[in-house]
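Make a model of the complete structure from these sequences and hints.
Here the protein sequences line up with chains V and C, keeping their order.
Each residue of the first sequence is one higher than the one before, starting from 1 at the first, in our numbering.
Each residue of the second sequence is one higher than the one before, starting from 1 at the first, in our numbering.
In silico lysine-lysine, DSS-like type, Cα no more than 30 Å apart, as pairs:
| no. | chain 1 | residue 1 | chain 2 | residue 2 |
| --- | --- | --- | --- | --- |
| 1 | V | Lys103 | C | Lys36 |
| 2 | V | Lys69 | C | Lys40 |
| 3 | V | Lys26 | C | Lys40 |
| 4 | C | Lys40 | C | Lys22 |
| 5 | V | Lys70 | C | Lys40 |
| 6 | C | Lys22 | V | Lys103 |
Computed footprint of chain V on chain C, listed as stretches where at least three residues anywhere in the stretch have a Cβ under 8 Å from a Cβ of chain V:
| no. | region |
| --- | --- |
| 7 | 45-57 |
| 8 | 103-113 |
What the hints contain is simulated information worked out from the structure, not anything from laboratory work.
By construction, the Cβ of each residue, glycine as well, lies at the ideal position given by its N, Cα and C atoms.
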Amino acid sequence: SQQGEEDPQALSIQEGENATMNCSYKTSINNLQWYRQNSGRGLVHLILIRSNEREKHSGRLRVTLDTSKKSSSLLITASRAADTASYFCATVTQAGTALIFGKGTTLSVSS
Amino acid sequence: DTEVTQTPKHLVMGMTNKKSLKCEQHMGHRAMYWYKQKAKKPPELMFVYSYEKLSINESVPSRFSPECPNSSLLNLHLHALQPEDSALYLCASSQDRQGANSNQPQHFGDGTRLSIL
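So this is what it looks like as structure tokens:
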């Protein structure tokens, strides 16, 4: 069963622009993770934010978490064509023992 | 290159065939996972192994049979599959099983693209 819902489902931007993707979830979580999937490949872990954290940075990535609104956002700054991929949020619920993935956002970055 | 290796990359099989998917990791991870992913959909968890024991089976049909021969290997045995089983099958591993006291990422292989004729 899906826990997260990403928004938007698809996003098209130009190189150099910022891309923001949002994720909402339903139940209390232990942590929230973001993954990237290039076409025909496996998922690559990008960043993990714990339930007691509000913001986290990794290179050009910035993730925020608002547990009161049960939502998270992923910001990719100065996007590149190589950022073209599907992005999934995934949660580990406090009661659960596995990752539950959202539907994903497909990002297209054109040069 | 990923640290989780899956073979074969592609597999075409008939509904009466028996085949196996293989997954290997040498990161010393003690939890391993099988996911099924249909086109333009998120991965769906099938099985979780923790310390070589099956800990989660997400009500997967018995035509899929997992096996964990040792801490580095995970197999998925396939028999009498249906056309709707055509999908990308992903293997993943993590240091320990996800849980309330665990905050760790999963490492994914590139998957086996399975087509059932």
